[in-house]
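Chains as they are written, first to last, in my numbering: chain A, 1 to 282; chain B, 283 to 551.
These are calculated hints, taken from the structure and not from any lab test.
These figures come from a predicted structure and were not determined experimentally.
We treat Cβ as the ideally placed atom computed from N, Cα and C, and that holds for glycine.
Relax, there's no trap hidden among the hints.
Subject to a maximum C-alpha distance of 20 Å in a straight line, what follows is the list of computed EDC-like cross-link-like pairs (lysine to aspartate or glutamate):
#1 A:K78 <-> B:D440
#2 A:K273 <-> A:E237
#3 A:K100 <-> B:D440
#4 A:K78 <-> B:D438
Derived DEER-like restraints, expressed as beta-carbon distance ranges:
#5 A:Q140 <-> B:S382: 48 to 56 Å
#6 A:D99 <-> B:I532: 38 to 46 Å
#7 A:Q140 <-> B:V536: 29 to 37 Å
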Amino acid sequence: MNAAKKTASPDSSAAHLRVVADRGATLTPGIRLSGVSKTYRSRDGDVPSLQPLDFHINDGEFFVVVGPSGCGKSTLLKMISGLLPPSAGEIFVEGEKVDKPHGNVGIVFQNALLLPWRNIINNVMLPIDMKRLKRAEFLQRAKSLLKLVGLEGFEKKLPWQLSGGMQQRASICRALVHDPKIVLMDEPFGALDAMTRERMNVELMRIQRETGKTILLITHSIPEAVFLADRVLVMTERPGAIAAIYDVPLPRPRSLDVMSDPVFSELVQRIRKHFFTQIALD
Amino acid sequence: MAEAKAPTRLSKALNAAWVRPFLFLIFIVIAWDLSIRLFKIPAYQIPAPADVVAVLWQDWPELARQSWPTTYATIWGFVLSALFGIPVAMLIAGSKTVESYVYPLLVFSQSVPKIAIAPLFVVWFGFGILPKIISAFLLGFFPVVVSAVQGFKSVDPDMVDLARAMQGSRFHVFRAVNLPHALPAIFSGLKVSVTLAVVGAVVGEFVGSNSGIGYVMQRSIGTFDLPTMFAALVILALLGVILFWIVDRIERLVVPWHVSQREEIIVAA
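Please take these sequences and the hints and turn them into a complete structure.
See below:
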């Protein structure tokens, strides 16, 4: 069916799929990378992890990075959060140059990484403790975030008493509690089963709509990337470089039905081709 | 009715956690007594359980007085091995340089038999309580370090990154993430350490002492007073069990969230 549509209307679909190298005019501070590269030093010499990257993520944008394993996606995330200095180039978050952990990010990893000795509400409050902010001021916010993700009433439970999906939702609350401008997510739903994953995708879009955060999400799943993103950045294999950046012209709010939209499947096909040609060349 | 109920009540009593080792102990004592009678083992080789109990009963004030220095040396040795072992483990786990210098030597030092160097402590520190404390400390130290290093190292680096990205200082991150994470491993080391500290204290008393359970054992061996020797062994075993139990209780208080402590919560829920 996909193939039929593809042959039926190649031109009309191509019109949707504008390849955008850069949007040109910078509208909002957001996240800006200019010439950022990373090389790891090892005993056998330098190992390039990321080739120079230039891109800009706007405020409130849902930006998704897809790429094969080991293309330096996680390195990218650590550099934006200030945990790892780039080997060259500069990163700006909200117009400020990043050279140390700046705390203006929330991070969600593949594993929920909740501390087993803290109950859910105290896990969500971890960033407040680390930043030494006043607990009382943020407790209400933490509670309303838990309510937002449907974990009301689980505040006093310990992490192991929750399912994998619930734990991951709690870790999303933890990433939002200190009201950061940007949220970095490293394959946040990779450890969940397919059904929970779809539900979490829908919820994540709702959370983003309600909080207006800038989200940079890393994933292996191309359909997930297209479903969630305003723009998708496709990375090449190690050392990682930008293969292409695609606009996703699907209207919001999106439901799972969007996955049967021809524009959706065209874009998925198109992104998948990046990896197929690479595999074929190998 | 009463007949039907009795076995269930009995089996319930048999299922209580503390009853089982107790029953097994009774079984061993009976087997001990029977084999002495059956094989006609003379009393100067293995005393009958009844004789040991008799000594425990009659000499109780003296034995209790002698257990005090041993207990004292054990507890101090144990406390010192915890006080030194945990920071040393922190240094080893925190720095590759420290690890490469210290860890191999630490392992090497463990292959030196403590009983062989215990006389040295008498030469250095005399016949007082100090050489016994040091001996207990030396035996208890190593398991604490090994377990704690393993505990500190097994923390998920992503978890530490997450806390650091929230601008947590080294100290705050350590207190909130690394230390609680290492606690279960530290406690498993402490439990091994506390039983070894008893051994260490007794070894110290063997070498040069005029008090303590180790001294009682030396003396009774010299006079072939086997019932007293066995009574001393029973007291040592009791001391080890009680100290182990105390550490175990503290662990339940400090790390109630750990997997190994969860069973009871689930049963209760």
